[in-house]
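J.: Protein sequence lines, in the order shown, are assigned to chains A and B. When we follow the working numbering, the leftmost residue of the first sequence carries the number 27, and every step to the right adds one. When we follow the working numbering, the leftmost residue of the second sequence carries the number 353, and every step to the right adds one.
Bear in mind the hints are in silico, worked out from the structure with no lab data behind them. Warning: the hint list may mix true and false statements.
Derived DSBU-like pairs: lysine-lysine, alpha-carbon spacing no greater than 30 Å straight-line [stated by the list, open to error]:
#1 131(A) x 361(B)
#2 42(A) x 361(B)
#3 399(B) x 99(A)
#4 361(B) x 52(A)
#5 308(A) x 52(A)
#6 233(A) x 430(B)
#7 431(B) x 99(A)
#8 131(A) x 430(B)
#9 399(B) x 93(A)
#10 566(B) x 93(A)
#11 93(A) x 430(B)
#12 154(A) x 361(B)
#13 131(A) x 93(A)
#14 566(B) x 154(A)
#15 361(B) x 153(A)
#16 233(A) x 245(A)
#17 90(A) x 399(B)
#18 160(A) x 361(B)
#19 361(B) x 233(A)
#20 588(B) x 153(A)
#21 153(A) x 90(A)
#22 153(A) x 430(B)
#23 431(B) x 588(B)
#24 308(A) x 293(A)
#25 566(B) x 99(A)
#26 431(B) x 154(A)
#27 430(B) x 160(A)
#28 42(A) x 588(B)
#29 151(A) x 361(B)
#30 588(B) x 151(A)
#31 431(B) x 93(A)
#32 245(A) x 99(A)
#33 99(A) x 430(B)
#34 431(B) x 160(A)
#35 90(A) x 588(B)
#36 430(B) x 42(A)
Here is how the chains run, residue by residue.
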Amino acid sequence: MDISIQNLGKSYGLQKAVDGISFDVKTGEILGFLGPNGAGKTTTMKMICNYITIDQGDVIIGGKSVKTGELKKYIGYLPENNPLYLEMPVIDYLEFCAALQQVPKAQIPDRVRQMVRLCGLNVEKHKKIAELSKGYRQRVGLAQAMIHDPEILILDEPTTGLDPNQIVEIRELIRQLGRQKTVILSTHILPEVEATCDRILIINRGKIVADGTADTLRKQSQGQQVIRIKIDDANTESAFQALSGLPSVGMVDIIDGTNGRFEIQSKPEMTANKDIFLLCAKNNWILSESIPFETKLEDIFRDLTLN
Amino acid sequence: MNPVWTITKREFNSFFDSLVAYILLFAFLGFSGFFTWLYGADIFIRKEADLQVFFSIAFWTLFFFIPAITMRQLAEEKKTGTIEMLLTKAVTDRQVVVGKFLSCLLLVCVALLFTLPYYISVAQLGNIDHGATICGYFGLILMSAAYIGIGLFASSITNNQIVAFLLALFIGIFFHFIFNFIASASTGMLGEIFDTLSLSRHYESIIRGVLDTKDIIYFLSIVFISLVLAEINISKRG
Chain A
27 MDISIQNLGK SYGLQKAVDG ISFDVKTGEI LGFLGPNGAG KTTTMKMICN
77 YITIDQGDVI IGGKSVKTGE LKKYIGYLPE NNPLYLEMPV IDYLEFCAAL
127 QQVPKAQIPD RVRQMVRLCG LNVEKHKKIA ELSKGYRQRV GLAQAMIHDP
177 EILILDEPTT GLDPNQIVEI RELIRQLGRQ KTVILSTHIL PEVEATCDRI
227 LIINRGKIVA DGTADTLRKQ SQGQQVIRIK IDDANTESAF QALSGLPSVG
277 MVDIIDGTNG RFEIQSKPEM TANKDIFLLC AKNNWILSES IPFETKLEDI
327 FRDLTLN
Chain B
353 MNPVWTITKR EFNSFFDSLV AYILLFAFLG FSGFFTWLYG ADIFIRKEAD
403 LQVFFSIAFW TLFFFIPAIT MRQLAEEKKT GTIEMLLTKA VTDRQVVVGK
453 FLSCLLLVCV ALLFTLPYYI SVAQLGNIDH GATICGYFGL ILMSAAYIGI
503 GLFASSITNN QIVAFLLALF IGIFFHFIFN FIASASTGML GEIFDTLSLS
553 RHYESIIRGV LDTKDIIYFL SIVFISLVLA EINISKRG
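Here chain A stands alone, though its shape is the one from the complex:
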């Protein structure tokens, strides 16, 4: 099922939490939802799940508006702080959720067993949720979101509180699920978005500020290609002069004069690699390192949201 968000808006008093955002998510796509605290991520997710009322615009899932309230059973939702009935044992809780999501009674034990296996809850399944650690509670939260095999998964910070091994497992799980389902997940952990998501959406103050894959975002924010090189057996000063003189090179920085390290920024829409290599070959310099410098997602994020 595709999700189409059309000019969605929500205000709290005078403050616009979500300010007319529009985007589409297709089946088989994992969308990473990024933004600083208070950007409107959670509000948007709550509106998609029809938990809070929509002030403006609409969310259309599979051709139907969520305002009808009929779409809840197609959505699996993991709320932000993962609220659970602490007094219930894990198995009972999952059975309760399955029954509420209209899983046929005969299939409930099977689904619960699958979820327990999938989320690694086997050891803890008879404990009360209150007795579980944060990581295990998070797994229960994921299990309850997926219990009815929903078409759409909305996960608000799914990996908080998990240990590194579990994070890898959950990411893998989300990737797998993402092949047939529509997934929207929000997170603060930027490498996670790169590892899991097909597409990244950054919002700030209720507005979309970036939309694309990690690569396209990088290209957009970075502009020119940057490489770091190391040249052995060369006089720093003459190497600097020669490099600056190349037609494709925009700017040269000496990082470490004694070791011959430079940072080179190409001119717009040009790559300097070839020219640099030929220059070194001509002068018998040894080009011992050449590292394309990637802008980190963190920097893009900071650029777009700090203003």
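Given chain A, put chain B in place with the hints provided.
T.: Here is chain B on its own, set in the frame of chain A:
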């Protein structure tokens, strides 16, 4: 399975998972039993084979007992955020409210079931009026339904259980005796209006063995209005 019943079952079980159900059953049966059989104007002083004593005691014990079971119903869900998890499942606000209402009513019915030995004992002791007694139990259930409705409404307003408890008692006290008090103190139209509003008047007429549709409609409309208000309250979020 109907979502209402799924919720009712979970809520009912959760009474017994925590100590709430045991403590309240114990307190209810303890108080009611003590005053019915052992102390004050008890059955032996009255020397009549009926449960009027129990019915007037239960009228008060349930009045305190019910806000204690309804206070957490919605207030706690709101405080811990579980209401978000619940309402994003394939259920409507109404189904949640009705499910919780039924679970509380079921718990009260269990409490009343434990007083059946009173009925049996008195029936052994003398010639009990079965009609009036069954009518009395029916009245207790109707009254409980009304207070559960009020309790759920109070619980839907706040996310603090103590506030919900006190608010339920505060609203309840008007129905329980203030309206009655005003009705006896005033005459004419005003007296009649408060007479109609007073829960105790309707209750008294039922436990006397007179089953009037007016009384039944009275109780059911309190249930209906308070549940609708509770539903409206939980639908206002974010």
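J.: State for each hint whether it applies.
T.: Evaluation of the provided hints:
1. 131(A) x 361(B): OK: residue 131(A) and residue 361(B) at ~15 Å, within 30 Å.
2. 42(A) x 361(B): This hinted pair is violated, its Cα atoms lying about 40 Å apart.
3. 399(B) x 99(A): The given pair, whose Cα atoms are some 60 Å apart, is violated under the 30 Å limit.
4. 361(B) x 52(A): violated, 38 Å
5. 308(A) x 52(A): At roughly 52 Å apart (the allowed maximum being 30 Å), residue 52(A) and residue 308(A) break the hint.
6. 233(A) x 430(B): Holds, because 29 Å separates the two Cα atoms, which is no more than 30 Å.
7. 431(B) x 99(A): holds, 25 Å
8. 131(A) x 430(B): Holds: residue 131(A) and residue 430(B) sit about 29 Å apart, inside 30 Å.
9. 399(B) x 93(A): The hint is violated at about 63 Å.
10. 566(B) x 93(A): At roughly 39 Å apart (the allowed maximum being 30 Å), residue 93(A) and residue 566(B) break the hint.
11. 93(A) x 430(B): Holds, at about 22 Å.
12. 154(A) x 361(B): holds, 18 Å
13. 131(A) x 93(A): holds, 28 Å
14. 566(B) x 154(A): Given that 30 Å is the threshold and the Cα spacing comes to 47 Å, the pair is violated.
15. 361(B) x 153(A): holds, 20 Å
16. 233(A) x 245(A): With a Cα-Cα distance of about 21 Å, the restraint between residue 233(A) and residue 245(A) holds, given a limit of 30 Å.
17. 90(A) x 399(B): Not satisfied, since the Cα-Cα distance of roughly 69 Å exceeds 30 Å.
18. 160(A) x 361(B): Holds - the C-alpha atoms of residue 361(B) and residue 160(A) are around 27 Å apart, at most 30 Å.
19. 361(B) x 233(A): violated, 43 Å
20. 588(B) x 153(A): violated, 34 Å
21. 153(A) x 90(A): violated, 40 Å
22. 153(A) x 430(B): holds, 24 Å
23. 431(B) x 588(B): holds, 15 Å
24. 308(A) x 293(A): Satisfied, since the Cα-Cα distance of roughly 22 Å is no more than 30 Å.
25. 566(B) x 99(A): violated, 42 Å
26. 431(B) x 154(A): Holds. Residue 431(B) to residue 154(A) sits at ~20 Å (cutoff 30 Å).
27. 430(B) x 160(A): The hint holds at about 21 Å.
28. 42(A) x 588(B): Satisfied, since the Cα-Cα distance of roughly 18 Å is no more than 30 Å.
29. 151(A) x 361(B): holds, 20 Å
30. 588(B) x 151(A): violated, 35 Å
31. 431(B) x 93(A): Judged against 30 Å, a Cα distance of about 25 Å means the pair holds.
32. 245(A) x 99(A): violated, 39 Å
33. 99(A) x 430(B): holds, 22 Å
34. 431(B) x 160(A): Holds, at roughly 19 Å.
35. 90(A) x 588(B): holds, 23 Å
36. 430(B) x 42(A): holds, 24 Å
Hints 2, 3, 4, 5, 9, 10, 14, 17, 19, 20, 21, 25, 30 and 32 from the earlier list are contradicted by this structure; the remaining hints agree with it.
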